[in-house]
Amino acid sequence: MPHYKLTYFDIMGLAEPIRLMFAQAGVEYENVMIPDEDDDPTWEKLKPTTPHCQLPILEVDGKVLAQSVAISNYLAKKLGFDGQNEWESAKAQELVQAINDVRQQVRAWRKEEDEKKKAEILKKLEHDVVTPYFDRHEKFLAKNGSGYFVGSHVTQADLHIFNTLQWWQNNHLFTEAFKNHPKIGEFVEKIANLPNIKKWIEKRPKTAV
Amino acid sequence: MPHYKLTYLNMMGRAEHIRLIFAQAGVEYEDNRLTQEEWAAFKSKTPFGQIPVLEVDGKMLAQTGAITTYLAKQFGLNGKDDWEAAKIQQLNGGTEDLIAQVIPWFREQDLEKKKELADKLVAEHVTPWLQRYEKFLTDNGTGYFVGNSVTQIDLGLLQFMGLFSHVLCPETFKKFPELCKFMERIASLPNIAAWIQKRPKTDH
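Same order as they appear, the protein sequences are chains U and B. Residues 1 to 209 in UniProt numbering are what the first sequence lists, from first letter to last. Residues 1 to 204 in UniProt numbering are what the second sequence lists, from first letter to last.
Just so you know, the hints here were simulated from the structure itself, not pulled from any lab data. Treat each hint with caution, since some may be false.
What the hints assert, rightly or not - Now the stretches of chain U that chain B is said to cover, found in silico as 3 or more residues with beta-carbon under 8 Å: (1) 50–63; (2) 67–80; (3) 83–90; (4) 94–101.
Glycine residues also receive a C-beta, built at the ideal position from the N, C-alpha and C atoms.
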């Protein structure tokens with residue numbers, strides 16, 4: 001087994017789906033978490049040495065890989081979360097990019113400081129973005145029939161989608177949408193109760209994001 | 001060979017990376033270009049209400065990154081091993097980050113504001129990005145970005161960097177001679193040159 005070292009800030013953020021993959025696979029790795037402060041000296045020193053001046057990075061026996069999507073796709077293949085064939089691999093990647101698109105849009109809500117505007121943005125997101133997303137994804141789950149989004153085993157798509165949806169649930173976002181899409185709620189429960197996932201969630205550092 | 005059908009608008013946009021992969025591989029496909037009205041009618045048939053979508057013997061795949069990776073794997077344009085494949089994705093991820101910065105400039109209609117945004121964009125984001133990418137290219141040492149032969153990322157970067165070399169900041173781009181040579185090298189690959197000559201001429 002290669003030596004894996006993941007470096008990111010001390011939050012869940014973009015690294016958490018990667019950490020979920022390591023957890024589910026039961027594979028050891030060095031989980032380096034550095035303070036998430038703008039002028040933190042650790043990050044300032046590390047930044048110019050990274051390929052794109054960003055985190056996360058993954059070191060595999062010392063070789064550096066950057067960009068969370070690249071890291072996720074690489075580890076999905078190495079750790080067995082890439083589906084059973086090329087089409088399933090493509091479908092898993094497709095679903096990861098789709099949830100990332102939605103995450104980007106929800107960021108606007110997170111960044112807004114005015115409480116009244118925040119509530120309006122959230123309502124619009126629920127109607128325009130999350131409900132259609134849930135509509136589609138309930139159909140994908142029903143059509144696939146295994147309880148997972150792709151094929152009959154856990155793929156990176158399940159872990160990425162679970163990660164975001166569980167965060168929404170924990171932060172009481174889009175409660176109507178969740179109520180109206182029971183299969184989505186069941187999916188989140190299913191992944192949360194996978195033994196290795198459950199164990200990781202219990203022991204991981206508790207951070208807001 | 002499966003039947004491939006690519007659906008997008010009548011422009012280069014996000015589909016051109018995919019079209020360049022088909023061109024380089026010399027693989028036939030249906031290049032389905034929709035009008036705005038046709039797109040409105042087609043939207044609900046797509047997995048996420050977005051294009052491009054690729055149909056492979058009728059099965060639909062969405063999301064540009066998933067499509068380019070799938071096709072690159074089928075046609076031998078995805079690097080020689082998992083690590084090269086990952087490096088390709090890393091470089092692609094870097095372009096997505098920059099696209100997010102470019103979009104406000106792209107959408108700005110007021111010409112004066114557009115110029116201000118352009119100057120800021122070039123100074124704060126594009127120039128450092130070009131420096132990083134020229135270094136990736138020269139560090140690899142083969143004239144290609146990954147490995148020692150053309151991969152899908154070379155095609156994607158030809159398309160993407162065209163925005164800087166021909167539209168946003170041609171003068172700035174000239175300060176990166178290795179990137180300039182790269183653009184010429186990839187654009188001159190016989191299949192790519194042939195496609196560039198025959199493709200519909202659209203602004204973007």
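Checklist line | Non-conforming hints, listed in increasing numerical order | finding: none
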